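Chains as they are written, first to last, in full-length UniProt numbering: chain A, 1 to 331; chain B, 1 to 331.
The hints are simulated quantities; they were obtained by calculation from the structure and are not laboratory data.
Just so it is clear, the structure is predicted and the values come from calculations on it, not from any experiment.
Treat the hints with care, as some may be off.
Identical copies carry no separate label here, and so any pair may be met within one copy or between two of them.
Said to hold, decoys possible - Pairs of lysine to any residue residues, derived as SDA-like cross-links and limited to a Cα-Cα distance of at most 20 Å, are as follows:
id, residue 1, residue 2
1, Lys2, Glu226
2, Lys2, Pro227
3, Lys2, Gly200
4, Lys2, Pro202
5, Lys2, Phe204
6, Lys2, Glu76
7, Lys201, Pro230
8, Lys2, Arg229
2 protein chains.
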Amino acid sequence: MKKLINTPESVLPDALAGFAAAHPELTVDLDARVISRSARPAVPKVALVSGGGSGHEPLHAGFVGPGMLDAACPGEVFTSPVPDQVLAAAQAVHSGAGVLFVVKNYTGDVMNFRLAAELAAEEGIEVATVLVDDDVAVEDSTWTAGRRGTGATVAVEKLAGALAERGAPLAEVAALGARVNAASRSFAIALGPATTPAAGKPGFELPDDEIEVGVGIHGEPGRRREPLRPAHLLVAEVVDTILADHHLAAGDEVIALVNGMGATPLLELYVVFGEVHARLAERGIRIARNLVGNYVTSLDMAGFSLTLTRADPQVLELWDAPVATPALRWS
Amino acid sequence: MKKLINTPESVLPDALAGFAAAHPELTVDLDARVISRSARPAVPKVALVSGGGSGHEPLHAGFVGPGMLDAACPGEVFTSPVPDQVLAAAQAVHSGAGVLFVVKNYTGDVMNFRLAAELAAEEGIEVATVLVDDDVAVEDSTWTAGRRGTGATVAVEKLAGALAERGAPLAEVAALGARVNAASRSFAIALGPATTPAAGKPGFELPDDEIEVGVGIHGEPGRRREPLRPAHLLVAEVVDTILADHHLAAGDEVIALVNGMGATPLLELYVVFGEVHARLAERGIRIARNLVGNYVTSLDMAGFSLTLTRADPQVLELWDAPVATPALRWS
Chain A
1 MKKLINTPES VLPDALAGFA AAHPELTVDL DARVISRSAR PAVPKVALVS
51 GGGSGHEPLH AGFVGPGMLD AACPGEVFTS PVPDQVLAAA QAVHSGAGVL
101 FVVKNYTGDV MNFRLAAELA AEEGIEVATV LVDDDVAVED STWTAGRRGT
151 GATVAVEKLA GALAERGAPL AEVAALGARV NAASRSFAIA LGPATTPAAG
201 KPGFELPDDE IEVGVGIHGE PGRRREPLRP AHLLVAEVVD TILADHHLAA
251 GDEVIALVNG MGATPLLELY VVFGEVHARL AERGIRIARN LVGNYVTSLD
301 MAGFSLTLTR ADPQVLELWD APVATPALRW S
Chain B
1 MKKLINTPES VLPDALAGFA AAHPELTVDL DARVISRSAR PAVPKVALVS
51 GGGSGHEPLH AGFVGPGMLD AACPGEVFTS PVPDQVLAAA QAVHSGAGVL
101 FVVKNYTGDV MNFRLAAELA AEEGIEVATV LVDDDVAVED STWTAGRRGT
151 GATVAVEKLA GALAERGAPL AEVAALGARV NAASRSFAIA LGPATTPAAG
201 KPGFELPDDE IEVGVGIHGE PGRRREPLRP AHLLVAEVVD TILADHHLAA
251 GDEVIALVNG MGATPLLELY VVFGEVHARL AERGIRIARN LVGNYVTSLD
301 MAGFSLTLTR ADPQVLELWD APVATPALRW S
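Given these sequences and hints, build the entire structure.
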């Protein structure tokens, strides 16, 4: 295993210390392991809190800031944050208008965020939860009851964050988050495995000419293994798999995320985006907004995921709203 | 070789088509292979043009936009753009105030940009050139007479771009670019090689426990191979190597770029940044601004580079000026 770390045990605290030094505009509580905005809102607003295992950076800490999350709580690599940690995040940022938990659908995350919501309720903090389960690859998995949460998390956090910024009430922000999740589908392909610092060896093995179709963000098995093929054929399969599950028709618009899993060159992600664009155009579906890059990674996994979120005027308007976070920034 | 491509021959046109689809705010000439801003300036301004081999994305196309480059011309992977291509870029964006070429110091780039400058001069386009040669690892290399140009390119393009935006004359913008390059030093470490689509196999081989110290952005050999060590020891060597060559003293401020080479997780880059921050703090040097992420990559190479640019009030003020490009964006 070759990694730029000090010890496998210290990866998270060391990375958090580096994150704190790199982003002095944010508050990083190294003991509680909570990243939050430094400024409390002048007027109470719904606070967005997300979190999950580390190793998916920039998710979630990279999305803390005006227009998106209020706080993030990273667990150890590929491990859920603990309930007290999630509670600490909620306590750090609630301002009287309630807290929305954005939770990727993995058994540990769901359980620990639920426990944290109960603890928060005991303290009089109102909590609502949006569950993200956009990955069409598998219905259940080793880590999940139901579908896994992946790339749609970015859209949910961006859009619900923009709505919260405008002072919308908790129920409305939660409903928008659920609507965005329901309007999103993802599918991923791995060309190579990730290696966690703790394991020290690749999470799975792939022959030189095979890919894992439908891989999860922790390297969980997908649907099957197939031979590597030219990008346009791979993309056709990914797009068609999503469309088979998604209610998209000619004339529809989408937000498209072509996401690198961590070790795939941006040059290749642009090749993929070009093929996605062409394939959707054949179906009469227009990409209204897009992101191409590393947003929901899996350490050093090679491959990509595609997320399509159906757009409508409200979705596009919230997408275009200003955001100022380490990983997503526009005005 | 596992890559998300159609054919090795079509990587660049396919990626450019994808880039064009992803960034409709920019103009992509697929025939000339030039990416440029779509809007001509209302008042003539110095136009910044850069380029080089592909495989280093987001460099350079990802830095085209208000506040930074006016145009970029990507060559084939790890191959210089041809003179006619550079000329086409200059023609596309010059507005009467001259053109500044930002050229990384590689023999092919230097030659082809020089030829393009001569062709432009014949058309009455005034050209000045800033040569970037910030890599302290080697004095000459297989690809270079003199030091190689690497991470400082980002600072030169950002800062000179900001000055050009304000209407400064060509000589002044060129002088600022040269000053930023002279104030910058870089050093890189590879944990693993890159594979170009054309070669189809890794550019070099490293034993499981060794790193290439001082590697170049095309995988050129560095100073030596050493055992992999904990991040704080690696970073100490990188920082000390740069400081041995750089006129930095206690009380100085720097812009620090911790740059991923393409396949290194962001989690690890934050570990590295934390160690850089701590090591510099011991020397009384303060990081005033920073970037942590993939900015000057080498396809799927694992590793990182560190670039330190000495800051002063003008440098910081230009750094903070608005920029709106695919890869660098703030206001």
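message: Hint by hint, where does the structure go against what was stated? Just the numbers, ascending.
response: none
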